[in-house]
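J.: Listed below are the residues making up each chain.
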Amino acid sequence: MEITMTLNGRAVTDHIDADLLLIDFLRAHGCYSVKRGCETSGCGLCTVIMDGRPILSCSILAARAAGHSVQTLEGLQEEASEFVGFIADQGADQCGFCNPGFVMNTIALLRENPNPTDDEIREYLAGNLCRCSGYDGQLRGIRAYLDSRQG
Amino acid sequence: MEHKDYKSINKPVRKKDAMQLLLGKPVYTDDLTPAHALVVKILRSPHANAIIEQINTAAAKKVPGVVDIYTWEDVPSVRFAIAGQTYPEPSPYDRLILDRHVRFVGDAAAIIAAETEKAALKAMRLIKVKYQVLEPVLDFRKAKDNPVLVHPEEDWFPPCEVGGDNRRNLVASEENEDGDVEQVLADCDIVLDRTYHTKAFNQAMMETFRTYTELDRYGRLHVISSTQIVFHCRRILSRALGIPKSRIRVEKPRIGGGFGAKQTAVCEVYPAFVTLKTGRPAKLIYTREESQTAGSPRHEMEIRIRLGANRDGTIRCLDFYTLSNTGAYGEHGPTTVGLSGHKAIPLYTGGLEAYRFRYDVVYTNLQASGAYRGYGATQGIYALETIVNELAESIGMDPTVIRDKNMVREGMRMPAYYNEIANACALDRCMEHCKRIFGWEEKYPVRDMGNGRVRAAGVAMAMQGSCISNVDVGSATVKLSEDGTYNLLIGAADMGTGCDTILAQMVAECMDCSVDDVAVFGADTDASPYDSGSYASSTTYITGKAVEKACAELKQRICSIGAQMLGCGVEEVTFEGDRVSREQSGQSVSLTEIAYKAQVNNTQAAQATATHSSPVSPPPYMVGMVEIELDKNTGLVTILDYMAVVDCGIPINPALARIQTEGGIVQGIGHTLTEDVRYDHRGRPIGSSFMQYKLPTRLDMGTLRVEFEHSYEPTGPFGAKSIGEIVINTPAPAITHAIYRATGVWYRELPITPEKIVIPPKEEDRAEGRKES
Amino acid sequence: MITIQNYVRAQSLEEAYRLNQNRRSRVLGGMLWLKMGNASVNTAIDLCDLGLDTIEETADQFVIGATATLRQMELHPGLNAYTGGAVAEAVRHIIGVQFRNMATVGGSVWGRFGFSDVLTVLLGMETYVELYHGGILPLEQFAAMKYDRDILVRVIIQKKPGRFVYQSMRNQRTDFPVIACAVSRIGEEYRAVIGARPGRALVIRDERGLLKEGITGERARAFADDAAWRTPTEGNLRGSAAYRTHLIRVLTERGLLALGGGYEWKSR
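Top to bottom, those sequences are chains A, B and C.
Counting along the first sequence from 1, when you hit position 2 you're at 28 in the working numbering, and nothing is skipped either side.
Counting along the second sequence from 1, when you hit position 277 you're at 1283 in the working numbering, and nothing is skipped either side.
Counting along the third sequence from 1, when you hit position 104 you're at 206 in the working numbering, and nothing is skipped either side.
Heads up, some of the hints might be wrong.
What the hints assert, rightly or not - From the derived model, a few chain C residues whose C-beta atoms are all more than 10 angstroms from chain B:
id: 1; residue: 125
id: 2; residue: 136
id: 3; residue: 183
id: 4; residue: 262
id: 5; residue: 301
id: 6; residue: 317
id: 7; residue: 320
id: 8; residue: 327
id: 9; residue: 328
id: 10; residue: 348
id: 11; residue: 349
id: 12; residue: 363
To be verified - Okay, the calculated bits of chain B under chain A, using three or more residues with CB under 8 angstroms as the criterion:
id: 13; segment: 1256-1264
id: 14; segment: 1702-1708
Claimed, not checked - To give a feel for the contact side, a few chain A residues facing chain B, derived at Cβ under 8 angstroms:
id: 15; residue: 42
id: 16; residue: 46
id: 17; residue: 101
id: 18; residue: 114
id: 19; residue: 115
id: 20; residue: 126
id: 21; residue: 148
id: 22; residue: 152
id: 23; residue: 163
These are calculated hints, taken from the structure and not from any lab test.
Don't be surprised by glycine CBs; every beta carbon is placed ideally from N, CA and C.
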């Protein structure tokens, strides 16, 4: 079937199989930031933003995204650049494999709630697993960014 | 202790790849390699022990898009091991690429190569296998001398003598002793005899195992793999595939986590075989399920300790017996077990009069184990630290005080640690520091919070090594570029740990330049100098020292070229970072001038390679303390605070050392509370997806606080010791202790789930420190 | 891996219903559960164009469209005002925000999964489902029915005055529950709904009138004992039958005590 979606602000049309998952569509269109970490919708690595909401691209058909707007980290470099340096300063990037999904969901969080508390950050990002960092460094990075905006 | 003012060392420098990673750039195996590669899939055995009587691939091969399917009849008959270890490996050569005898549920039965994943999966369903199902060995306590043999084959081969015997299901066996254990035990006021059991936890790195292979422009096998061990990987492939090493190139891009899992060449051989057979690029990406069930998890161990002590809390004797379950293949079996004693017992060198350490490592028909951060020390320290807590509680002594009384201190010789001297040891200061920031005096007493909830605290110490002494080799090449910047080439593997960055910090410190002026490359068997790889906590300590040496040599060469330009002898010039000066004349030449000179009519390379190895493996030390809230009615354990103080010598990068520690603690929390590896009565893994195998989320780990106590290790680069592994060792015993404080029950098997807290397993001993003497 | 031959966005409920009469058709729902299976689907029917993605509140009911998400439930001010936050508490532990942005109320209710927090919390209220052919029927009745080929259109909650408390026990914070427990008082009726037994959620009513004089510690314990005794449990990876029975007692008692002192929604 043929579908068209708005990918990072640009209309993309392709012929796809009905059962193609969005993650595979995105990677086939050069969005390599989108990662697969499990097959059970539980790790958050494949997080993208569809119509403004963070979703798991491994768990949705590309066909369902037709007619919708999908953003990946490739399309949100500027917005991400505002805060990821603070995470880098903590060394919390570590292996980096969970970073794109975590950064995407952090973008979603900050759009929804520009001034979250630590508990709100933890709760919003609970679906983003990280095996390296122990999470606290990621939190410190986001906190440092939020504090820098206050100052 | 040496305190120096460093420019680049002991600074929280950003990781060199940080922004690439955080902005999602394509830097991992699957991002960098072509999508049109053949998709490789493995048909896996549904039986724990079986012989393939017939395997019919005819129908599967007819699936459109299927390129070929290989079975045991197609592969070489040379046995090999996939453990990433220095040759000759202690791990037995007990594998074939595909074996007619499949030895665990998930063992490879056929390799499928297809144009698409769909075609490969369809073909997988159409392969007809007739198995002769054999009785499996599933209980590792019954494996030794069991009539059922996991490896009955005649060509089973151990490259090293480690006490193994495949006719007894034995991979390794040893016994060593210092002092007379029985005599000392007989003289002790208190003898505790306890047995502890830990499971085969999964590393669960976010990037599963994966490898891409192709023939390069010279027709050589080019392997791009998520691996910690490029050189060992090349050697393993060479033996398994029967081709010379000169025909293989192995490189690693960025790695999505390893924790030791990728110290084993778990999946490389399959796509490599496909590429050699078809001449085409091939890619194998493990599913999460495959990673969890056909990977290389921790060794399940059962550790029996007899501890002898006096009533005043002096620990006089430790007698260990470790039974380790290596699973269906022997990777890392003979070596991990050694750490369960040798990297635990020395913690109590203080008043120890005798120790004995005996072990057996057995085969079973379960997933093969491998290397996982901590590598046996984690299991041993869990057992030892728990029995010491049991001792303290049984004699009513504060567990931090009993440790102060018995712990290893700087300058002590450690008989259980190959008689090494603790040159740098701040364990005593770690304990004092941790007690203070944690508030031990207030938190150690059990506090009733009402409604069935209690708060309690626990403590544990830990150690590890900083390499495999007399074995590991690290190398570094440092090159001067025309603009006075440097290239650092290494064979160690940054798997997220930040070794590329900390080694660059060392170059910057040595060459008196900025860290930004050091470009790092690694790891590639064609281009990197030889390195055993990143494991055994060795990279900072061993490769770091190689970096230091290479820099010293390069400095010498730069001075030599500079002196030649200045028309004087090399002894007359000094290296001043951006220039070489001749003090006598006040003349100098800039690094840029020297670098350009090195490219014209020059016979002295403006680069140096150095190699390092160490006769000792200085232990880092650590203290961890945890406060929990335990709901007695539901069994729920909530981690409130976890505090740790680490002695890793001088931390080269305190930010990265802190993150390493925090990450290790959270993995340890997972192993203690939520992660469980389970099999059914036929040896089939159950609950191995992330839906059932529960890693801690950021809501499961409480507040972390990590600080450092510096010591100065004279044999390490800039006084550094290791950090990567030790950090996983304290959570299990500390949390076990806190749970005892809250419930009065010692849990001697991990994980401790809420159900076990509400309904303790029968064998758990409710008695307050049962005494036997 | 699931395979799908055709993907159709139904343009009417009638079309969805018609397509769904084929045995190899599937309504997609949130797709989270469906994706993990190995189903071979001929036609995947997507209801996303039917405007069923809203939660509407009127004076006496909430009408939740089948494709409204769990996240919408979690954030809905009216639903949470009515239940004193019990609805948000029921769903906020489910995996993560991204997951809850995808999982649909219709998919969760249709699935009638044993582990379902959604089914459990909804059974604690006066809830109905609207089926395209089957019409409107009580959720409790629907929950006991076998799967058929009808289409779930809406979930309707009658805003009867009441109090609601939701609790669950999870081995890890975002895991499936070991036991889910919704306790409520609707008008004069007390209910304990026990989910993740691990079978489908069951409604336990105060048939012996243990609470008819109001909630005290002793009566709460008596009702909790009764609920634990009456609720069949089984063991699975997350817990044994005995542990679940124990948890039913603990959570029901705690829920009732919280209910006793809790916030009560009254119609204006």
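J.: Each hint should be assessed against the structure and marked as holding or not.
T.: Going down the list of hints, with the structure as the test:
no.	hint	result
1	125	holds, 21 angstroms
2	136	holds, 14 angstroms
3	183	holds, 25 angstroms
4	262	holds, 30 angstroms
5	301	holds, 18 angstroms
6	317	holds, 16 angstroms
7	320	holds, 16 angstroms
8	327	holds, 14 angstroms
9	328	holds, 18 angstroms
10	348	violated, 6 angstroms
11	349	violated, 6 angstroms
12	363	holds, 13 angstroms
13	1256-1264	holds (count 5)
14	1702-1708	holds (count 4)
15	42	violated, 13 angstroms
16	46	violated, 10 angstroms
17	101	violated, 10 angstroms
18	114	holds, 4 angstroms
19	115	holds, 6 angstroms
20	126	holds, 4 angstroms
21	148	holds, 5 angstroms
22	152	holds, 5 angstroms
23	163	holds, 5 angstroms
The structure shown violates the earlier hints numbered 10, 11, 15, 16, 17.
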